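So the sequences go chain by chain: A and L.
When the letters of the first sequence are read in order and numbered with numbering that gives the first Met the number 0, they come out as residues 0 to 482.
When the letters of the second sequence are read in order and numbered with numbering that gives the first Met the number 0, they come out as residues 0 to 147.
Rather than coming from a laboratory, the hints here were simulated on the basis of the structure.
This structure is a prediction, so every number in the text was calculated from the model and none was measured.
The beta carbon of each residue, even a glycine, is placed where N, CA and C say it ideally should be.
Be aware that a few hints might be false.
Computed cross-link-like contacts, DSS-like style, restricted to lysine-lysine with a CA-CA straight-line distance of at most 30 angstroms [stated by the list, open to error]:
(1) A/Lys305 to L/Lys37
(2) L/Lys82 to L/Lys106
(3) A/Lys306 to A/Lys423
(4) L/Lys68 to A/Lys306
(5) A/Lys305 to L/Lys68
(6) A/Lys154 to A/Lys82
(7) L/Lys106 to A/Lys305
(8) A/Lys1 to A/Lys205
(9) A/Lys466 to A/Lys345
(10) L/Lys79 to L/Lys68
(11) A/Lys461 to A/Lys345
Partner residues are not named here, just some residues of chain L that face chain A (Cβ under 7 angstroms, in silico) [unchecked claim]:
(12) Leu19
(13) Gln40
(14) Glu100
(15) Phe122
The following label-pair restraints were derived from C-beta to C-beta distances [what the hints assert, rightly or not]:
(16) L/Pro70 to A/Leu398: 27 to 33 angstroms
(17) L/Pro70 to A/Ala390: 57 to 63 angstroms
(18) A/Ile210 to L/Pro70: 45 to 51 angstroms
(19) A/Gly441 to L/Ile58: 36 to 42 angstroms
(20) A/Asp237 to L/Pro85: 56 to 62 angstroms
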Amino acid sequence: MKIRTSLRITSAISILLLAGAVASSLLALRWLHQASAFELFLIDLQSDVFESTQLRTDFLLINRQQALLRWEEKSAEVARELKQVSERTLAPSGARLLDRMNRKFETTQVLMERLAELKAAAAGNEAAREATGLIEQRLTNQLLVESYLLSDSTKLLLLEALNDTIHRRNNLLVLLVLCFTTLGITVTSATAYLNLLMSRRISALKTGAEILSSGKLEHRIPSAGDDELAHLARDVNDMAEKLQQSNGLLLATNRELEAFSYSVSHDLRAPLRHLTGFVELLNRMDSSGVDEKSRHYLEVISSSAKKMGCLIDDLLSFSRMGRTEMMTRKVDLQQLAQEVIEEVSKDVPPGRAIQWHLGELPVATGDRAMLRQALVNLIGNAVKFSGRSEAPVIEVGALRLEKGCHTLFVRDNGAGFNMKYVDKLFGLFQRLHPVDEYDGTGLGLANVRRIITRHGGNIWAKGELNKGATFYFTLPIGKEVVS
Amino acid sequence: MSVDIKKILLVEDNPNDAELTMEALRSANLANEIIWLKDGQEALDFLYIQEAYAGREHINPVLILLDIKMPRVDGFQVLKQIKADPKLRAIPVVILTSSREESDLLKGYDHGVNAFVVKPVNFQDFMHSVSSLGAFWAVLNEAPPLKL
């Protein structure tokens, strides 16, 4: 509202001033042009007057009839020109000169006519010529004087015109300087005004936005006023407020989930313990009277309770994996893989010799604990599903670096799986083997996938029944950030 | 002439858990007197020889097995009080609980617990843990002087 109006007003004023400056400059130029045109005209007049004087002299001295005719033509021209001059508005001095010029001209005309008459009358008449000789002389002298005065006046008028032109030109220069100075001042003040109006607040907005985006959502941008910038500041503040609120909500939800997990961990385990405990006590009681079937039933109860315990643990850790903050650092995958292989090997019964192949693994960026868990699951699975193989070979390596991410794999030559069920592999609680063949809760791979996804990578698998399976996963190369 | 009966104090609100623990202790042949109290307040009353337990002999137990989640006064409060009292803090306290939450671990050790044992779901393991515990604290370990 206000800023847009100010800008529009400023533009309008500037355009108007510029138009005004241009218009007055054009007018002034025309004005100047008029003056110099007049100048030229007067020069013409002057030369005509001079010519007419020449012709007159020609006639009077040599008495050429041609000259008289031409003089008449020239005089008519001069008369026309004088008329044109009188059509212009002149200064009082100019008007006086013109007046004088007109009178002198008339007089010269009259005198010339008289002389022409006399000459004509005296032509061929010696006696008449002598009689008119004196009058001719007198007239001629008078004519000369009048003619001179005419020339002189013409010259003076021309000088005046010249002066006028110079004067006008100077005025024009002054006008131009004034116009453009005014324009300059206006533009400068307008800019200064707009600068004052906006720059401080724009920079407050910019700084404010930077502070907010750096994570300090408590910051508020000063938003006094009613123009667009003030509204913008208020909107940004509202946004920050909402973000703060939803952040708060998220934190609260997380805390609730945490409390929930704690409760699950504590309260669900107690009845489980009682189940197994009392079944065990039953077993220890006098079992001579207990038959095979009853013993079997008790065994099932006991193992089910145990199984439930594992499930609870796995679920808890799976849930935690989705919520814990990631501590993103540089992780030496080579060292980590070595560590995990050593740990997993400890649980392998000494009879089974697993051939380990550990390739060159890169240094990635991620959460060490989470990546460790993923490797434990993948390598642990490889060991588990090689349980029935004669010569188990487990390979952990990295493929060639491509497109800005590391691609790693864990390969075994154990039980493998049918590619038909590849989509079920990573599902929650999904298993491809019955529990009596291979133990497990169906959470391990789901957990791995969650970890890899949180790191921004992908995981997929290829397998063949009884030939083995390979699990590939990618980890993007990223900057070191603690999120 | 009184025979030195080594008392083990078991503070546990759940009767099933209590029964299992006592069975395990008995099967480990720990010929001790096992005193079972159901919550923290009772435990404190017992130790301070007050309220319902006023008038009992002034003999401290050689081991306190403490659960965490209990009504009225919970395990941590009991632990805190015991370890803050110069007359009682020498008694070994073992937290025997179902949760392995890191926050509980930290809190326990912060208050000066002697040992933190998580009750395994598998009863075999549980029996093993309890009997080891009992064997160590009540038999092998040189207990502090019994008299106040």
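Structure-based check of each hint:
no., hint, result
1, A/Lys305 to L/Lys37, "27 angstroms, holds"
2, L/Lys82 to L/Lys106, "13 angstroms, holds"
3, A/Lys306 to A/Lys423, "22 angstroms, holds"
4, L/Lys68 to A/Lys306, "25 angstroms, holds"
5, A/Lys305 to L/Lys68, "23 angstroms, holds"
6, A/Lys154 to A/Lys82, "17 angstroms, holds"
7, L/Lys106 to A/Lys305, "28 angstroms, holds"
8, A/Lys1 to A/Lys205, "20 angstroms, holds"
9, A/Lys466 to A/Lys345, "25 angstroms, holds"
10, L/Lys79 to L/Lys68, "14 angstroms, holds"
11, A/Lys461 to A/Lys345, "27 angstroms, holds"
12, Leu19, "4 angstroms, holds"
13, Gln40, "21 angstroms, violated"
14, Glu100, "6 angstroms, holds"
15, Phe122, "4 angstroms, holds"
16, L/Pro70 to A/Leu398: 27 to 33 angstroms, "58 angstroms, violated"
17, L/Pro70 to A/Ala390: 57 to 63 angstroms, "59 angstroms, holds"
18, A/Ile210 to L/Pro70: 45 to 51 angstroms, "49 angstroms, holds"
19, A/Gly441 to L/Ile58: 36 to 42 angstroms, "54 angstroms, violated"
20, A/Asp237 to L/Pro85: 56 to 62 angstroms, "59 angstroms, holds"
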